[in-house]
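The residues making up each chain are set out below.
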Amino acid sequence: MPDTTFLDSTELVLNMGPQHPSTHGVLRVILKLDGEKILGTDCVIGYLHRGVEKIAEARTYAQFNPYVDRLDYVAAVSNGLGYCLAVEKLLNVEASPRAQAVRVILTELNRIASHVLWLGTHALDIGAITPVFYCFREREEILKIFEQYCGARLTTHAFRIGGLQYEIYDGFEQEVKAFCDMFLPKVDEYEELLTNNRIWMSRLKNVGILNAEDCKRYGVTGPVLRAAGVHWDLRKAQPYSGYEKYDFEIPTRDNGDTYDRYSVRMQEMRQAVRIIRQAVEGIPEGPIMAKVPKVIKPPVGEAYVSIEAPKGELGYYIVSDGSTQPYRVRVRPPSFVNLQALDRMVRGALIADVVAVIGTLDIVLGEVDR
Amino acid sequence: MRRLLKKIFLVDLAQGLWVTFRNQNPKYIYTEQYPAERPKVAERYRGAPRLNLNPETGETLCMACNMCALACPESLIVVSSQRNEKTKKKELVTFTFDTSRCMFCGLCEDSCPTDALELSQDFELASYTREGQIWDRKMLEEGPKPTRYKC
Amino acid sequence: MPDEKPVPPKPAPKPPAVMAATPWKSDLTRELNDRFGEGVCQCLSYVGQNFIVVGPQMVVALISYLKVGPGFDYLVDITAVDWPQRAERFELVYILYSFARNERVRIKTQIADGYRPASVVAVHLTANWLEREVFDMFGIEFTGHPDLRRILMPDEWQGHPLRKDYSILQQDQRWVQENLDGASGQ
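Top line first, the protein sequences correspond to chains A, B and C. The numbering used here runs 25 ahead of the 1-based position in the first sequence. The numbering used here runs 4 ahead of the 1-based position in the second sequence. The numbering used here runs 9 ahead of the 1-based position in the third sequence.
Bear in mind the hints are in silico, worked out from the structure with no lab data behind them. Warning: the hint list may mix true and false statements.
Stated by the list, open to error - Using C-beta positions, here's what the derived DEER-type ranges look like: (1) G168/C to K31/B: 36 to 46 angstroms; (2) P150/B to K261/A: 35 to 45 angstroms; (3) P312/A to E47/B: 18 to 28 angstroms; (4) E198/A to P30/B: 17 to 27 angstroms; (5) G168/C to F25/B: 56 to 66 angstroms; (6) P324/A to Q94/C: 13 to 23 angstroms; (7) P150/B to H45/A: 30 to 40 angstroms.
Unchecked claim - List time: in silico BS3-like cross-link candidates among lysine-lysine, alpha-carbon distance up to 27 angstroms: (8) K44/B to K93/B; (9) K169/A to K31/B; (10) K31/B to K211/A; (11) K79/A to K173/C; (12) K319/A to K94/B; (13) K44/B to K202/A; (14) K211/A to K93/B; (15) K149/B to K169/A; (16) K169/A to K44/B; (17) K44/B to K211/A; (18) K211/A to K11/B; (19) K93/B to K230/A; (20) K261/A to K173/C; (21) K319/A to K93/B; (22) K322/A to K173/C.
In this text, a Cβ means the ideal position worked out from N, Cα and C, and glycines have one as well.
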């Protein structure tokens, strides 16, 4: 087998720098190329490092809540849910059923919003410019619901430790139901645009294959793991916040390539609508805030709580030393751990595939760098 | 055979194009013509801070309890007060709010016992200087006055 | 000399509050005791979450055994906590999860400043970036790591931010001056 580098071609090091339209944030990837084929990659991150874990040590538990939204800024509600669940675990309280139902509705709406933005930007990176407009149009409807509920569209600060701050507004249920009815045909529209499209299929099939074995070795979770065939979702395996009451499926596929991840996320959007419909049918009456002291001082101890965020397993490890400020808050970001697998997925592929793979991993640099 | 015909005549691409053409209908225009039409924000929108006045007496509702300053994660509220000798109650003197560092989280309005401090629906907070972003009591009570365009 | 009132002796300082952990016994703990001997792994539990406290030399052996035997094949997280008052200042925490058993377990060790624990990259590939981050934030060097360098902070940064003696307002003045053209905005 002749050595392909024999013909006077040397290795080229190309910098896909922090400012790049396709890297979903400030991600720098140093590519070692042989022509256009990739021999190796090296990700340089830290351009968006804001020291959130250090800030946590100087704020009280309730004061840290708004900072947590800024981690995965695309889907802010899940971050808040994870943090509140972790502190509630330390305090040994559980939110009331009404609070849990509203939390589930908002978190699933947030999942749809995150996947919809993922679809728009991923399609844009591949070259399909139309879906991004339609996706942002749908995302606008969800953000309107968030705005009417908690006052902000993106950095929602929707949940408080122990439950909710705001009662749901009049018309919440009707608007959510109207959104669900409006949204399912739109998912069909996206599928019509993309799923059978020959350009889409040839760009995405067999690109960035990560099989189940590699996923577990690299610790990859979320839709990437499900597309590789592992039937696992934290909402079913270790349910939290009342998810065991709802009936939904976990979509899985076999190949673990980019096309499968696309299908898994489209199906997850449909399943999320299913969960929302069930949750909004019967929101139980009752208080929205559990009995939590005004000054939150959990006993000495530590807890690790993780949830199924739209990007993967988002975990919070909080160590408390008995005072009003947490001693250590560690955020286990799904995007950080998923990004490690980038190197494995693009060996031997072309540069355009790097763009597709970064898109399909669904990374948000706010979470990667914290 | 059908598959070959579909492939030659670009049926899947035509389906996608048909979706795009269907959405060209002018009734689907979503663009808001700002600044002629300002968006209607929700009632609970967390925008510019405002110190409310009592509608009947015109005096400030703030009782200088300092709860908002303690609740703020960024510690950007500074409240100073003096004790009124006649009524033996604290009275507000100055109230400084630094909107350049504010993240509009709403913890201050949640903690205010008299609903004096409120995050209103104003979202136009731009100013030309960093110092202009630090609001004193007068600015907080009147609110930012963005330029209105006659259209 | 003015009369001085006798100063009452200072009350003895309260011992720092300790986590109210309860012992944890299960099949897994019996297996571990059989394999490693009694008393090597302290198995405890707090708010329903189980954790194992071991000495730092045992960590790699324990994690490899847990991967092969009971099937804890997914390393969720590696992190550290800085307790400056203790002699063994850092507490390394490894969180493992088993898909088959649907169980999560934490492994904690205490290491002193300057101790260089062994890396678990050979057992779980996830540890690559996670250990780089622990090195970056705390200064704990892992032996056997293929590529130990800073990941979140710039490469030339001095200091390890998440240590308790690194104040939140501190910056590496030299780096800021060189790279950001002058004084910082603080």
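Against the structure, the hints come out as follows:
1. G168/C to K31/B: 36 to 46 angstroms: Since G168/C and K31/B have Cβ atoms about 60 angstroms apart, the given range 36 to 46 angstroms is violated.
2. P150/B to K261/A: 35 to 45 angstroms: 49 angstroms, violated
3. P312/A to E47/B: 18 to 28 angstroms: Given about 22 angstroms between the Cβ atoms, the range holds.
4. E198/A to P30/B: 17 to 27 angstroms: 32 angstroms, violated
5. G168/C to F25/B: 56 to 66 angstroms: The hint (56 to 66 angstroms, Cβ to Cβ) holds, given that G168/C and F25/B are roughly 59 angstroms apart.
6. P324/A to Q94/C: 13 to 23 angstroms: Check passed, 19 angstroms falls within 13 to 23 angstroms.
7. P150/B to H45/A: 30 to 40 angstroms: For H45/A against P150/B, whose Cβ atoms are near 35 angstroms apart, the range 30 to 40 angstroms holds.
8. K44/B to K93/B: Violated, at about 40 angstroms.
9. K169/A to K31/B: 20 angstroms, holds
10. K31/B to K211/A: 17 angstroms, holds
11. K79/A to K173/C: 9 angstroms, holds
12. K319/A to K94/B: Answer holds: K319/A to K94/B is near 24 angstroms, not above 27 angstroms.
13. K44/B to K202/A: 22 angstroms, holds
14. K211/A to K93/B: 60 angstroms, violated
15. K149/B to K169/A: 25 angstroms, holds
16. K169/A to K44/B: It holds: about 11 angstroms lies between the C-alpha atoms, which stays within 27 angstroms.
17. K44/B to K211/A: Roughly 25 angstroms between the alpha carbons, so the hint for K44/B and K211/A holds.
18. K211/A to K11/B: Holds. K211/A to K11/B sits at ~26 angstroms (cutoff 27 angstroms).
19. K93/B to K230/A: Answer violated: K93/B to K230/A is near 73 angstroms, above 27 angstroms.
20. K261/A to K173/C: 38 angstroms, violated
21. K319/A to K93/B: 25 angstroms, holds
22. K322/A to K173/C: At roughly 20 angstroms apart (the allowed maximum being 27 angstroms), K173/C and K322/A satisfy the hint.
Checked against the numbered hints above, the structure breaks hints 1, 2, 4, 8, 14, 19 and 20 and satisfies the rest.
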